[in-house]
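Single-letter residue listing:
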Amino acid sequence: MRLLTHNYLQSTVKGTEKGYPLKIEATTIEYEESPFDAEFVRSLIPKIDYSTVLIGIQQISDKLEESNNIQGITIPDLPESIENEDLQEDLLKKLHTVLFDIHVVEGDLVCPDTGRRFNIKKGIPNMILHADEI
Amino acid sequence: AERLASIRNVLEIGSGTGVSTVFLGSMLREAKNTDATLFATDVNKDAIRVTCKTAKENGVDLDSLEAIQCDLATPLLERLRNKVDVLIFNPPYVPTPESEVGSDGIEASWAGGKDGRVVFDRAIPQIASLLSWPNGAAYIITVDDNKPEEIAKTMMDEYGIEVVPYVRRRA
Chain A
519 MRLLTHNYLQ
529 STVKGTEKGY
539 PLKIEATTIE
549 YEESPFDAEF
559 VRSLIPKIDY
569 STVLIGIQQI
579 SDKLEESNNI
589 QGITIPDLPE
599 SIENEDLQED
609 LLKKLHTVLF
619 DIHVVEGDLV
629 CPDTGRRFNI
639 KKGIPNMILH
649 ADEI
Chain B
5 AERLASIRNV
15 LEIGSGTGVS
25 TVFLGSMLRE
35 AKNTDATLFA
45 TDVNKDAIRV
55 TCKTAKENGV
65 DLDSLEAIQC
75 DLATPLLERL
85 RNKVDVLIFN
95 PPYVPTPESE
105 VGSDGIEASW
115 AGGKDGRVVF
125 DRAIPQIASL
135 LSWPNGAAYI
145 ITVDDNKPEE
155 IAKTMMDEYG
165 IEVVPYVRRR
175 A
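Chains as they are written, first to last, in the numbering used here: chain A, 519 to 652; chain B, 5 to 175.
FYI, nobody ran anything at the bench for these hints, they're computed from the structure.
Incorrect hints may appear among the rest.
Pairwise CB distance ranges, derived in the manner of DEER restraints [claimed, not checked]:
1. A:A649 x B:P129: 17 to 25 Å
2. B:E6 x A:S569: 31 to 39 Å
3. A:K541 x B:S30: 18 to 26 Å
In silico DSSO-like links for lysine-lysine, alpha-carbon gap of 27 Å or less [to be verified]:
4. A:K536 x A:K639
5. A:K639 x B:K49
6. B:K157 x A:K611
7. A:K536 x A:K565
8. B:K87 x B:K57
9. A:K639 x B:K57
10. B:K57 x A:K611
We treat Cβ as the ideally placed atom computed from N, Cα and C, and that holds for glycine.
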């Protein structure tokens, strides 16, 4: 699960106040570099909730340092806000890395309101609700 | 081509093998649309995996495809409200006993309960809230058993959404 995907996911369990953003509790993280397209990243910016991106990075950064297969990767430093930021290529590149190249392979997404856990297995978050949650 | 160039968000509910979304993805690529984000959902984990594989094998950038295991588009409703320009839905439309509906195995790809409408009917309010106005369009497959005229009436009366038959063929 990429941070871009995480940006869109919400818990809609009955009785949940907001259910967003889901807290990432990652147990396995992988890094896979993908081709960078500046214009594509630029076009994504109005679509994403940037504060959720920052929160997501924070939540996985501890785990990232422990993960053996991605030693030497540091999460790029992103500004607190991108509203008035000059969207230069190196900022877009950092955003690309954060949104696309870091994959939570195993772990859970946890609802901030109810604590309901959604399991991530082999990179796929399972958002299916139980019958009594609808 | 103009329409393809203006698409920002595509959502396929029940992507299965992913062919529909991936096909649209390749058309978007050909139309030089690099802004579109594709979302694909399915209740079946293997379908999600296959959708991603289909995308990869057909040169559709995995970066622009978000594949999520869920029921209909439930976890995406808030974030994609009124934002989906193209919605694709090939629902489980086969009339079956109620008991066959609601699994996440392969039966989920066809089992539609009474009139083959059980899953589709749950999707209607979601589709109505997801489509962008005024040009958002949903492409949906039905069979005559699903009573498409009834669907069209409901969509118009309750949501102001016009339903027109697009293509008709023998199954």
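Quick rundown of the hints versus the structure:
{"no.": "1", "hint": "A:A649 x B:P129: 17 to 25 Å", "in the structure": "holds, 18 Å"}
{"no.": "2", "hint": "B:E6 x A:S569: 31 to 39 Å", "in the structure": "holds, 34 Å"}
{"no.": "3", "hint": "A:K541 x B:S30: 18 to 26 Å", "in the structure": "violated, 36 Å"}
{"no.": "4", "hint": "A:K536 x A:K639", "in the structure": "holds, 24 Å"}
{"no.": "5", "hint": "A:K639 x B:K49", "in the structure": "holds, 9 Å"}
{"no.": "6", "hint": "B:K157 x A:K611", "in the structure": "violated, 48 Å"}
{"no.": "7", "hint": "A:K536 x A:K565", "in the structure": "holds, 19 Å"}
{"no.": "8", "hint": "B:K87 x B:K57", "in the structure": "holds, 26 Å"}
{"no.": "9", "hint": "A:K639 x B:K57", "in the structure": "holds, 17 Å"}
{"no.": "10", "hint": "B:K57 x A:K611", "in the structure": "holds, 25 Å"}
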